[in-house]
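Enquirer: Now for the letters of each chain:
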Amino acid sequence: MSSERLDKELQRVLEALASAPLTSAGVAGRIHTAPAEADQSLLFPVLHGLEADGRLQAAWRPDANGVPHRTYRRRRLPTGRNGL
Amino acid sequence: MGFLLDRHGEGGGGAQVMTINIDWLGVVLFLIVPILLAIGAVLVVRRSERRLGGLQGNRDWLDSAPNATQADAVTEYLDRMTSTLSLPAADVAEVRAELDDHIGDSIESLQAEGLDREKAIRESLARLGSPDELGRQIRVAHQSTRRLLAGAGGGVFAASGGFVVGWVGGMALAYGLLILGALCFGLLTLAGVGLPDLSSSQTGLINSLMLAGAFMFAATQATRFAVRASAGISRRAPRSIAIFWALTSAAGFGWWAIFGLRGPMSWPGVIAFLCVPVVAYAAAFVRIERPMPHVGRNAIAAGLGGLVIVMLSLGLLLGVTVHTSSGSLAPLNTGPAQEVSRGNLPPDAPEAWNPDRTINGGGVRSDASGGELYSAITDQQLPVSMATALLNWHDLRFEAWHWLEPREPDYAFGVDTRYSSPAIVLPAEIHPTWLQAVFHFERVRDPGPWEVMLTGVGPDGRRYTIADCGGGNSAFNGSVWDWLTAPL
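Read top to bottom, the protein sequences are chains S and R. Sequential numbering of the first sequence, starting at 189, is according to our numbering. Sequential numbering of the second sequence, starting at 40, is according to our numbering.
For reference, chain S alone in the conformation it holds in the complex (with noise of 0.2 Å):
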């Protein structure tokens, strides 16, 4: 795996993360839209290095119909950390 494409997964994540606390299936809706890019194998790792980086609150949230789904939201860091 380069470390370009690592990076580039992990802005995206940022980004999808930026407005709303999403699911992991939720951020892949975001930034795997197309047929090209349907490869999820670098999500995880990313989503799971940002949560242990800080920069990612992760939680089990229920949905409207009581299923939980592990939720991530950004967390607001002192400037400099927030950054991508």
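No lab work stands behind these hints, which were simulated from the structure alone. Keep in mind it's a predicted model, so treat the numbers as computed, not measured. By construction, the Cβ of each residue, glycine as well, lies at the ideal position given by its N, Cα and C atoms. Each hint should be verified, as a subset may be incorrect.
From chain S, some residues computed to sit far from chain R (all C-beta separations above 10 Å) [stated by the list, open to error]:
{"hint": "1", "residue": "R200"}
{"hint": "2", "residue": "L202"}
{"hint": "3", "residue": "A208"}
{"hint": "4", "residue": "I219"}
{"hint": "5", "residue": "R243"}
{"hint": "6", "residue": "R258"}
{"hint": "7", "residue": "R261"}
Residues on chain S that point at chain R, a partial pick, calculated with CB under 10 Å [said to hold, decoys possible]:
{"hint": "8", "residue": "H220"}
{"hint": "9", "residue": "A226"}
{"hint": "10", "residue": "A246"}
Knowing the structure of chain S, use the given hints to seat chain R on it.
Expert: Coordinates of chain R only, in the frame set by chain S:
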């Protein structure tokens, strides 16, 4: 601990004022710091264990998620992915549940786009890539170097607190067993069963076993605390880091048990100490995934209160013991008058070569090296230099003989005739008005009463006993290594 409380007596004529000075720095170092360490370590391990024993918190409801049971292909994929995660159990369960949920959503979405279920499953899994690679990438994302360093630090901290917890628990267990044993002995004695007096003749054995047992328990707890804390903090499966702590504990506690820890020893105690590295190593692996037994707040409070009381009592007790035992050894019990057994002790020096017994036994006192300094002196009332007193003597030496205390049935007293020669012989250091030698009885395995004699070779070429310098009842006090290398 005895140095925490320093007693000073003053006054005379039967009235004695006793003051107790408390070494507050010692109190902080030896009471407060260990208690805080123990509390901190328990909290750290508890927090870490939330990751080790299953899903974090009360998340049983995750099992009721609709995608919890997937097709065989999905289950196989998830099994393979989780097998490469090497994360704590709670993290593994969480990642698996999340992937399961994600794949379920993905399948539904693809089916909505017109794919049949089989194709949708294949496509969903294909998008995630190789399960091995996905598991590896997720593991790398969790296991940062920062977390590894934090885990190492947390492990050391938890080990320190765990040692305190284990030591207190081990001592409590040892004292509990001792009390139980004493009760059994008492009951058997009341029932008329003849038993040896272990309390007085086997104190070295009992104390060394208690010490070794408590130390072993402490080393075990320290190792287990370290593995659990560092696994939780560094987000690693306990078994993946257990080998590091196993080797560290085996080396560290093994070294401490064999070379560092000093106290009463016996062969069973030494064997128990030699088992410490093995036990510490095994403690890192045996049932390490299972959380510690839960201890309620009331039990912790009661335990800490008991710890303070026990430590203060021990400090007071040891303080008293140190002050009452320092200076001179306990006098021999004389009992009914008996002829002193001389064994192979050299005959007393003829009066002509030691006029008016110019050279006397000077007694014994503690030496800075930890040994006992025996001395012989010239009469303090007469200005006789040692050089003058020794005109008739050469090859002066102090000889320590095994000594019998008068006991029933025959009240035999004097040289223990089971020994044909002195146990320890040291050349006399000659000073202006005294002679001296430092004996390390605490490094001799065979404990018991001793008597030290000053002997010398007279003008006729024969060895004589010039002075009795006193004696005492000694017990071994050293490390396991000291015991193993002690003179026979």
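Enquirer: Indicate, hint by hint, whether the structure satisfies it.
Expert: Quick rundown of the hints versus the structure:
| no. | hint | result |
| --- | --- | --- |
| 1 | R200 | 15 Å, holds |
| 2 | L202 | 15 Å, holds |
| 3 | A208 | 17 Å, holds |
| 4 | I219 | 12 Å, holds |
| 5 | R243 | 12 Å, holds |
| 6 | R258 | 4 Å, violated |
| 7 | R261 | 15 Å, holds |
| 8 | H220 | 8 Å, holds |
| 9 | A226 | 5 Å, holds |
| 10 | A246 | 8 Å, holds |
In summary, the one numbered hint that this structure violates is 6.
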